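Letter by letter, the chains look like this.
Protein chains: 2
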Amino acid sequence: MAMKQVANSAIKAIANSGSSSLLTRQLHASPGSKKIVGVFYKANEYFTKNPNFVGCVEGALGLRQWLESQGHQYIVTDDKEGPDCELEKHIPDLHVLISTPFHPAYVTAERIKKAKNLQLLLTAGIGSDHVDLKAAAEAGLTVAEVTGSNVVSVAEDELMRILILVRNFVPGYHQVITGDWNVAGIAYRAYDLEGKTVGTIGAGRIGKLLLQRLKPFNCNLLYHDRVKIDPELEKQTGAKFEEDLDAMLPKCDIIVINMPLTEKTRGMFDKDRIAKMNKGVLIVNNARGAIMDTQAVADACSSGHIAGYSGDVWYPQPAPKDHPWRYMPNQAMTPHISGTTIDAQLRYAAGVKDMLERYFKGEDFPEQNYIVKAGELAPQYR
Amino acid sequence: MAMKQVANSAIKAIANSGSSSLLTRQLHASPGSKKIVGVFYKANEYFTKNPNFVGCVEGALGLRQWLESQGHQYIVTDDKEGPDCELEKHIPDLHVLISTPFHPAYVTAERIKKAKNLQLLLTAGIGSDHVDLKAAAEAGLTVAEVTGSNVVSVAEDELMRILILVRNFVPGYHQVITGDWNVAGIAYRAYDLEGKTVGTIGAGRIGKLLLQRLKPFNCNLLYHDRVKIDPELEKQTGAKFEEDLDAMLPKCDIIVINMPLTEKTRGMFDKDRIAKMNKGVLIVNNARGAIMDTQAVADACSSGHIAGYSGDVWYPQPAPKDHPWRYMPNQAMTPHISGTTIDAQLRYAAGVKDMLERYFKGEDFPEQNYIVKAGELAPQYR
Chain B
1 MAMKQVANSA IKAIANSGSS SLLTRQLHAS PGSKKIVGVF YKANEYFTKN
51 PNFVGCVEGA LGLRQWLESQ GHQYIVTDDK EGPDCELEKH IPDLHVLIST
101 PFHPAYVTAE RIKKAKNLQL LLTAGIGSDH VDLKAAAEAG LTVAEVTGSN
151 VVSVAEDELM RILILVRNFV PGYHQVITGD WNVAGIAYRA YDLEGKTVGT
201 IGAGRIGKLL LQRLKPFNCN LLYHDRVKID PELEKQTGAK FEEDLDAMLP
251 KCDIIVINMP LTEKTRGMFD KDRIAKMNKG VLIVNNARGA IMDTQAVADA
301 CSSGHIAGYS GDVWYPQPAP KDHPWRYMPN QAMTPHISGT TIDAQLRYAA
351 GVKDMLERYF KGEDFPEQNY IVKAGELAPQ YR
Chain P
383 MAMKQVANSA IKAIANSGSS SLLTRQLHAS PGSKKIVGVF YKANEYFTKN
433 PNFVGCVEGA LGLRQWLESQ GHQYIVTDDK EGPDCELEKH IPDLHVLIST
483 PFHPAYVTAE RIKKAKNLQL LLTAGIGSDH VDLKAAAEAG LTVAEVTGSN
533 VVSVAEDELM RILILVRNFV PGYHQVITGD WNVAGIAYRA YDLEGKTVGT
583 IGAGRIGKLL LQRLKPFNCN LLYHDRVKID PELEKQTGAK FEEDLDAMLP
633 KCDIIVINMP LTEKTRGMFD KDRIAKMNKG VLIVNNARGA IMDTQAVADA
683 CSSGHIAGYS GDVWYPQPAP KDHPWRYMPN QAMTPHISGT TIDAQLRYAA
733 GVKDMLERYF KGEDFPEQNY IVKAGELAPQ YR
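Chains as they are written, first to last, in the numbering used here: chain B, 1 to 382; chain P, 383 to 764.
One thing to keep in mind: the hints can contain errors.
Stated by the list, open to error - Listed next, with one range per pair, are the computed distances between beta-carbon atoms:
| id | chain 1 | residue 1 | chain 2 | residue 2 | range |
| --- | --- | --- | --- | --- | --- |
| 1 | B | N52 | P | K622 | 25 to 31 angstroms |
| 2 | P | P748 | B | Q295 | 50 to 56 angstroms |
| 3 | P | K617 | B | D364 | 50 to 56 angstroms |
| 4 | P | P613 | B | Q295 | 53 to 59 angstroms |
| 5 | B | Q380 | P | P706 | 57 to 63 angstroms |
| 6 | B | P320 | P | T644 | 37 to 43 angstroms |
| 7 | P | G464 | B | K251 | 35 to 41 angstroms |
| 8 | B | G280 | P | K703 | 31 to 37 angstroms |
| 9 | B | T48 | P | P706 | 42 to 48 angstroms |
| 10 | P | P706 | B | N52 | 55 to 61 angstroms |
| 11 | B | D354 | P | T579 | 27 to 33 angstroms |
No lab work stands behind these hints, which were simulated from the structure alone. Just so you know, these numbers come straight off a predicted model, no measurement behind them. Backbone N, C-alpha and C define an ideal beta-carbon position, used for all residues, glycine too.
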C-alpha cells in the first residue's frame, strides 16, 4: 500500500495546496525500478573491523545485494552539503532518500522542489527534523522513521551521561592521561546520583525508558510532557508529573532533554530559560542540539550556572571545529553516536528493509513509523 | 567498650602470640587525652569551593573542633611515604590512625611495631587492605571501617564505567576536544548494554547494589561469590549464581570486580586467568588495583583481548606517572574517586566520628564495622 499511500497523499496534498505539479511528477515515477539514495557516515578503515557495522556508507544498511537483485538502483554517499555534492546530483531523479540523524542529509524545501521523482523519505533511526517536514507534507511525500529502533540505545546513553556529570568523570580521566593524580580536584564536585532530583523534559519512548533505568538509583524523578504517562508506569517509576515546565526547572539537579526538535522547541532553552534553572544544574541532551541556544549554553557553562553539559547532538552536524561546545568548561560531549550502536544499526537497518519491502509491495508501514503521511505531520511534530 | 575492647584484644593477641611487649604499650597509653592522626588527600585550592568538602586534609573530616575541645591532639597530613614523612614522625606516639583508601597510609608490620601507643586504626571509607591486617591482629589492634558509607557511591560508579566501556564514550569525547568528528571511529565498537552478559565477581554490599541497578537494563546477570545471595534478591535481580569462577569468566561480555584485596585475591587476575575470559571482554574494577596483575592487564589491552578496562583503583596510590595503565589502549581510568563523592565523605566522616565517640566512651562499634577485632580478621579478609 505504500505506493498507493504515496499517490494518495500526493493527491491529498495537491488538493490541499492547489498545486498541480506534483501529480505530474508522481506519474513520471516508474512503478518498477526505483532509484534509492542513502546518506550515511563514512567508515573508512573502521568498516572491516566489525562484520555488523552496517550503518556506514560501506555497510549501506546491508541492503545493496537485495535492492540490486530486484533491479533497483542504490546510490550511497556521505557527501551531502553544498551545490556540488554527490547527494545534490541525485536529487532530481531519486525516488527514495534514506538518511540518518547521525550524518543528516538536510532535506530543505528547495531540495524537495528539485526532487521531481521523490516519493519517500526514510530515517534510519529516530528524529526526522533534518527534513523540512512542512514542505514534505505539502509536496505529498511520505516521511517515516524506524520508531523504537534505538530508544534503548539513547536511554542507556543518557543514564551514562547523567552519571558522568554527577560523578565528575572527565577531569579524573584527564588526570590519568596527563600523568597527574589529584583526587581533590575531582572530589570537590563529585556527587552520588542517589537522592538527587532528575527531571526529564519529554517522557515519550526514550524518556520512559530512562525513568525505568533511573528507578533503582533512588532519585526524585520528575517529568514534563504534554500528557501524563501511563499511571502504571508512573507508579512503577515513582516519577511525578510537572505540568508547568518553568515550575519544574528550578526543582531539578539534573535536567534531561527528551523531546523532538520542532518549530516550537527550536532554541527554547535560551538565556532566560537557563536562568530559571538552579545554579549548578547538570544538563543531558541527546535529543537535538538546536533545541538549545548554542551560545547561551556555552555562556552558562563558562559562568558556572550550568555545572555540566553532556550530549551527542549538535547543530549543525558534523559540528564545525569552532563550535563553542567543544571548548566550554565541564562538557562531556561526543559526536552524534548514542543511537548508532552496533545493536541499533542492526535494528534500524532491518526496519528500513521492512519499510522498503512494504513500499515495493504497496503496503502500509507500521503506523507508529509515519512522520508525514497523507500531507499530515505526526503529533509530536505539530 | 572500645578501650576495654582494645585492651581485651591486646591481651588475647598476647596470649595468642606469646609476646609481652603489647601489654606494656597499652598500659603506657593515657586513657584520657589521645593523639589522633588523620591521613587524607590534600585539597589546596579546591577546599574552599565546597563547604561539604570534609574528606581532605583541610576538611579533616570536620572533626578538629570537636576533638580539640575534648583535649585530644589531632594531626592531619597527606605526607605518608618514606622514612622522613610527617606520618612517620607521629607513628611512635599516636593512639589512633584514621586513613582512607583514596590516599592510603600503608600501615606495614614495621610501622605497627614502631607504634607503641597505637590502639585503633580507622578507615574512613571501605577497604582496609592498606593495613597489614595480620600484623595488626597480632599486635592486638582494632581495625574498623565505615561499612556501608560509600557502597552506593561505588556501585553507581561501576555502572557508569560499564556504560562508558560498552558505549565507547572516551574516543567520542577525544574527538570533541581535538576538533574531530568521526562517528564511525566510535560506532564500530559501540554497543548497547541491553542483552549483554555482566558478571560480578563478588556479590557483597557493592555487588548487590550493582545488580539492582543493572536490573532494568535487561542484561544476563551472573555472580560469583563464596555464598549465594539472598533468594529474594536473586529473584528480584534475576542474577544467576556461578560457583566456579573460571567457568563463569568465558560467559561474560563484561566482568566487574567486587571483592576485597586479600592474600588470596592479590594478583589473581594474571595472564592465565585473563586468557580464560572472552576475547573482547570489558573489565570494571573499582575494588583494588592489586587484585590484577598490572602488566598482564596492560598487555591484554594492547593485544585487544581486553577491549576496555575502567576503574579507579591502582597499586600503588597515588599511581606513578609511569604506571602502565595510564598508557594502555581503551582504558577509562580515573584516580581513586568513586567512594569519595561529597555524599560519601559526609557519611564516612559521620561514621568515623561515631566510632571515635564510642572509643572514648569505651563502647563497642557497630559489629559490621570491625575488620580486626580481638585478634581476629573479619571473614572477607580471611
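Cross-check of the supplied hints:
no.: 1; hint: B:N52 - P:K622: 25 to 31 angstroms; result: holds, 27 angstroms
no.: 2; hint: P:P748 - B:Q295: 50 to 56 angstroms; result: holds, 53 angstroms
no.: 3; hint: P:K617 - B:D364: 50 to 56 angstroms; result: violated, 43 angstroms
no.: 4; hint: P:P613 - B:Q295: 53 to 59 angstroms; result: holds, 56 angstroms
no.: 5; hint: B:Q380 - P:P706: 57 to 63 angstroms; result: violated, 50 angstroms
no.: 6; hint: B:P320 - P:T644: 37 to 43 angstroms; result: violated, 53 angstroms
no.: 7; hint: P:G464 - B:K251: 35 to 41 angstroms; result: violated, 51 angstroms
no.: 8; hint: B:G280 - P:K703: 31 to 37 angstroms; result: holds, 33 angstroms
no.: 9; hint: B:T48 - P:P706: 42 to 48 angstroms; result: violated, 29 angstroms
no.: 10; hint: P:P706 - B:N52: 55 to 61 angstroms; result: violated, 31 angstroms
no.: 11; hint: B:D354 - P:T579: 27 to 33 angstroms; result: holds, 28 angstroms
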